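Visitor: What follows is each chain in one-letter form.
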Amino acid sequence: MKKTNTITLLGNEAIAYGLADGGVRFASAYPGTPSTEIMETLIKKFKTRMNADWASNEAVAMEEAAAAAIAGTDSAVMMKSVGLNVAMDPLMTLALMGVTSAMVIVVGDDPGMHSSQNEQDNRNISKFSGIPMFEPSSIQECYDFAREAVQFSRKFKIPVFLRSVTRISHEMGQLELSPPVVNDIEPYERDPSRFVSIPGNARKNKSRMMKIQREIDEYVQEKKYYREYKIGKGNEYLVITSGSSSTFAHDALSYFGFNAHVLVPGLINPFPSNRFVELCSDYENVIVIEELDPFIEEKITILAYKNKLNINIIGKDQGITSIEGEITGEILMENLARYFNLEHEIPKTLTADQKALLKIRPPVLCPGCPHRSSYVAIKKALRKDQPIYSNDIGCYALGFLPPHNTADTLVAMGASIPMATAIAISRPEHTSVAMIGDSTFWHSGVSGITNAVWKGANLLVIVLDNLATAMTGDQPNPSANKDPEDSLVDLSIEETCKGMGAWVRVINPMEYKDTQRLIDEAKAIKGVKVLILREPCALNVVKEAKIKKVKLPLIAINDNCNGCKLCITPLGCPALSLNEDNIAEVDPELCNGCTFCQKLCNRDAIEVVSR
Amino acid sequence: MNIIITGVGGQGTVSLGHLIGNIAHNSGLRMIAAETHGMSQRGGSVIFHLKIGDERSPLIAKGQADVIISGEPMEALRVLEFLKPNGVVITNTHTILSPVAVQLGMNYPDILDIYRVIEEWPAKLYTLNTGEIIRRLDIPRGENLVLLGVFMKLGIFQVSADTVEQMIINRWPKFAENNLKALHAGYDVLSEQITN
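Chains A and B are the protein sequences, given in the same order.
Position one of the first sequence corresponds to residue 1 (our numbering), numbered consecutively onward.
Position one of the second sequence corresponds to residue 612 (our numbering), numbered consecutively onward.
A hint or two may mislead.
[Claimed, not checked] Computed beta-carbon distance windows for the label pairs: (1) B/E776 - A/E278: 54 to 64 Å; (2) A/Y229 - B/I722: 43 to 53 Å; (3) A/Q151 - B/S802: 52 to 62 Å; (4) A/D514 - B/I722: 35 to 45 Å; (5) B/Y798 - A/E278: 29 to 39 Å.
If you are wondering where the hints come from, they were derived from the structure by calculation, not from laboratory data.
Here the structure is a predicted model, which is why all the values come from computation and not from measurement.
Just so it is clear, CB atoms sit at the ideal spot from N, CA and C, and this is done for glycine as well.
So here's chain A without its partners, still in its complex pose (with noise of 0.2 Å):
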């Protein structure tokens, strides 16, 4: 039954609890799915108790994070599973020369990517990187982990991983807060010996935190970073499971009835390697069981080789889990069943009849999205040019959908002005255009136009600007602030690109017409022509308008419409349809009054009505 303390939380947000009642003074972060909500619950909860604020990337970010760890601030920086990639350069240097308080590195990894463009286990960073990883596997331990992982890392000065994925982060569930933990604040003591990493330096850090990875060893062995527990009588097998994967564990291991001895490290890394061995004197057989990559398998089949274990076992080579894909009930219990030859009635199905009733529903652009307008004019303009899209991440990487095919690559954040800029030196015959969001502009958007001005190369720079993160929900970005109140400060996409030296104009692109002149104007012009299509995402003219209470048109069809589909077709609106009589319909639910449909119709059918 329930506690009268506890409270429900998501798991992002039982990590922004934790971090901040462990004592986190300074935090940094790039928003990205599913790491995002830790740093707005920071904000929203905990500003009074620490400085919290967005950074323009995540290497920015882990290089605030680290700078106020390397000057006795408790600090924390959240990142998505690919931004880990983009501060690799510093957090390979920090793994050397550690920091002088505490300094937690919160990544949110993606297995089955819900939203990523890869699927990389960042469990693997920890052991190429050195840097200790806890990896929750339920709300209170998202909590627990944060602050202990704070308190590791003031022990031993050194950042720590804490490791989450989407199935923990996205969690809802219950947990207790324990009082917040006052650290000491240190004064600032000067050590360049340490953190001027000029190779001198280098060397005597890498002899030194070798020697502090050997205490960790040690101390982690006798600390207990794990949980073990019985399932059934215990006694038949040794099952090794972490993080989300050790619920899906417990779960279908108790269904089947497995007597089971259930090892769940909370630290994976280093791995509490003693008691696995003990263990083994007890166990025969092993089963692991771990989503994506083989991590635990590989260690304990190092362990096992090392120490002469006489075991078996039991991992992804016998099908139990794969490294492909997020763990679902259903499959580890299929899986389970199949190996062990276990009576398992496998889950009715839907018929191949019956599944032909559903049709697909991808995400798409919302209703009003300026950037589905920016995709009408570019097509119009460059449809005699032969043009290759660099597009890039963000909610208008959804281009790649019908009707606008606005995508033929998308990589990494800010790989649009490179890519396009690459495209028009080798492929001189084709328009190069790149399209970056505002917020992925300022991310790494700078350099690739510091590059393409640079080389004098021959492209089209589309800046699909909605003043805001969009796709991750709202966040602010340097051009893009978002409350009146904070000490930020509005940069200039234009003036930035200006004084590089490329050729800026600005122009809203639900003027479409004007649009499509102003790309053919850039046609003409040689080398790097930034066009910024500047309007707010729908989402936020919605909220805006409920604040300020005012309604938003409507659009209605009247009787001129013939079903000619010149609305619907280039536009691909979620709230414009054809009805059974073959005229255009539209959804007042779903219309955000954009009106842009109407400047499509030749026939005067689409009219303005208020709500």
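Please arrange chain B on chain A, whose structure you already have, making use of the hints.
Guide: Just chain B now, kept in the frame of chain A:
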């Protein structure tokens, strides 16, 4: 008890899930929930898993859900494999075809075919047009509270109506009257469908 709440991005599926999860929490029940997130507000399918009880994994396995609550009929069908045989499906009848499906020349299937597949699963199906109910009540929003009302009235969610109503009042004090109207309309829908 395992509940799947589903709908189209923008319908407030995750908010409804959080509300039901917190109702369970405030009623002293152990709960765990998972949401699909990230791109979900962009008109894609949204699924929210809510488990009340002692299981630890946040996702409901196929064939293990007791109830599906859906903001859109096709989405109810999309998650039907999660439902136990003889489980309950509550769905809004308002259909939404993705603009991408429109582009690819697909049509919305016959809604009666969707209902037939659900009933043959077998499942007990309750259908209602939440938008129409809201318009009839002449209140600006509250479609999800109508769905919640239907679910509450089923009697399988062992929480008191007072707890739920008090939570709704506390959560949105300014709109308490309208929200309770929507919830009660849900109660009435179920009573009518059972009598019929």
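Visitor: All hints are to be evaluated individually against the structure, with a verdict given for each.
Guide: Structure-based check of all given hints:
| no. | hint | in the structure |
| --- | --- | --- |
| 1 | B/E776 - A/E278: 54 to 64 Å | holds, 55 Å |
| 2 | A/Y229 - B/I722: 43 to 53 Å | holds, 49 Å |
| 3 | A/Q151 - B/S802: 52 to 62 Å | holds, 56 Å |
| 4 | A/D514 - B/I722: 35 to 45 Å | holds, 43 Å |
| 5 | B/Y798 - A/E278: 29 to 39 Å | violated, 59 Å |
Violated hint: 5 only; the structure is consistent with all others.
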